[in-house]
Amino acid sequence: MKAETSISAQGLFKTFHKAKHGIEVLKGLDLSVEKGEGVAVIGASGTGKSTLLHLLGGLEKPDNGSIYYGDRNICTMKDNDLSALRNKMIGFVFQFHFLLPEFTALENIYIPSLISSGNMNRAKKRALELLDIVGLADRAIHKPGELSGGEQQRVSLARALMMSPEILLADEPTGDLDPSTGEMLAEMLVKLKKDMGVTMIIVTHNHDLARLMDRIMMLRGGMLEQHTL
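Read in order, the letters of the sequence shown are residues 1 to 229 in our numbering.
No lab work stands behind these hints: they were computed from the structure. There's no promise every hint is true.
Claimed, not checked - Result set (DSSO-like, lysine-lysine): computed pairs, CA atoms no more than 30 Å apart in a straight line:
| # | residue 1 | residue 2 |
| --- | --- | --- |
| 1 | LYS124 | LYS191 |
| 2 | LYS193 | LYS18 |
| 3 | LYS61 | LYS124 |
| 4 | LYS35 | LYS78 |
| 5 | LYS20 | LYS61 |
| 6 | LYS78 | LYS27 |
| 7 | LYS61 | LYS35 |
| 8 | LYS124 | LYS193 |
| 9 | LYS61 | LYS18 |
| 10 | LYS78 | LYS18 |
| 11 | LYS143 | LYS124 |
| 12 | LYS143 | LYS35 |
| 13 | LYS194 | LYS88 |
| 14 | LYS61 | LYS193 |
| 15 | LYS194 | LYS124 |
| 16 | LYS61 | LYS143 |
| 17 | LYS125 | LYS191 |
| 18 | LYS191 | LYS143 |
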């Protein structure tokens with residue numbers, strides 16, 4: 001039985017212009033990720049890993065190429081439709097948590113859902129469930145400044161899962177954490193992938209995290225190639 005493709009990128013080109021010079025970051029890149037698969041993207045700094053993730057998440061547009069979610073090419077979607085797709089299908093986790101300092105952990109998690117649905121009770125219930133899943137049920141009323149770096153990142157992960165996304169895009173999720181906390185978060189990501197069936201694409205310099213994914217890709221020379229660590 002053929003596996004279902006969750007996301008595919010075809011012929012992606014991206015050039016950044018600075019002064020009179022152009023820096024070509026992606027050069028016809030292709031990527032296909034199956035539903036429920038975990039893919040780690042590694043590579044040297046400045047090779048375009050974060051740019052690739054932003055393109056896949058619809059946060060930026062490629063100069064050329066296509067990105068398909070199922071049969072929908074997000075590169076040709078209108079902004080409103082793309083925003084709706086991002087909100088429904090994609091969860092983002094970044095190296096820095098970007099939590100709102102004036103809100104509690106619980107509020108930081110359920111705000112995206114509340115904006116979308118307007119159902120406070122349902123949003124709070126789901127946020128509490130996610131706090132329990134990431135092991136922070138007892139930290140619901142604490143604000144980000146009262147949480148450790150690892151706890152803040154786990155709140156960020158719960159927030160990314162709030163809308164039950166099909167795809168989780170993570171950019172250096174353990175990059176700002178100490179080794180032991182990073183290992184704990186890496187194991188949590190793998191468990192969530194298994195339990196929830198979420199497709200994951202993770203940009204990382206953490207080789208231990210990369211090895212936990214189903215597949216490792218190296219971004220080099222503007223292209224992706226299969227890699228083994």
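These are the hints, each one checked on the structure:
1. LYS124 x LYS191: holds (23 Å)
2. LYS193 x LYS18: violated (39 Å)
3. LYS61 x LYS124: violated (34 Å)
4. LYS35 x LYS78: holds (25 Å)
5. LYS20 x LYS61: Roughly 21 Å separates the two Cα atoms, so the pair holds.
6. LYS78 x LYS27: With a Cα-Cα distance of about 25 Å, the restraint between LYS78 and LYS27 holds, given a limit of 30 Å.
7. LYS61 x LYS35: Given pair LYS61, LYS35 holds - Cα atoms ~23 Å apart, limit 30 Å.
8. LYS124 x LYS193: holds (23 Å)
9. LYS61 x LYS18: holds (18 Å)
10. LYS78 x LYS18: Measuring from Cα to Cα gives roughly 28 Å; hence the hint holds.
11. LYS143 x LYS124: Satisfied, since the Cα-Cα distance of roughly 16 Å is no more than 30 Å.
12. LYS143 x LYS35: Violated, at roughly 35 Å.
13. LYS194 x LYS88: Satisfied, since the Cα-Cα distance of roughly 20 Å is no more than 30 Å.
14. LYS61 x LYS193: holds (27 Å)
15. LYS194 x LYS124: holds (24 Å)
16. LYS61 x LYS143: violated (34 Å)
17. LYS125 x LYS191: holds (21 Å)
18. LYS191 x LYS143: holds (26 Å)
Of the numbered hints stated above, those contradicted by the structure are hints 2, 3, 12 and 16, listed in ascending order.
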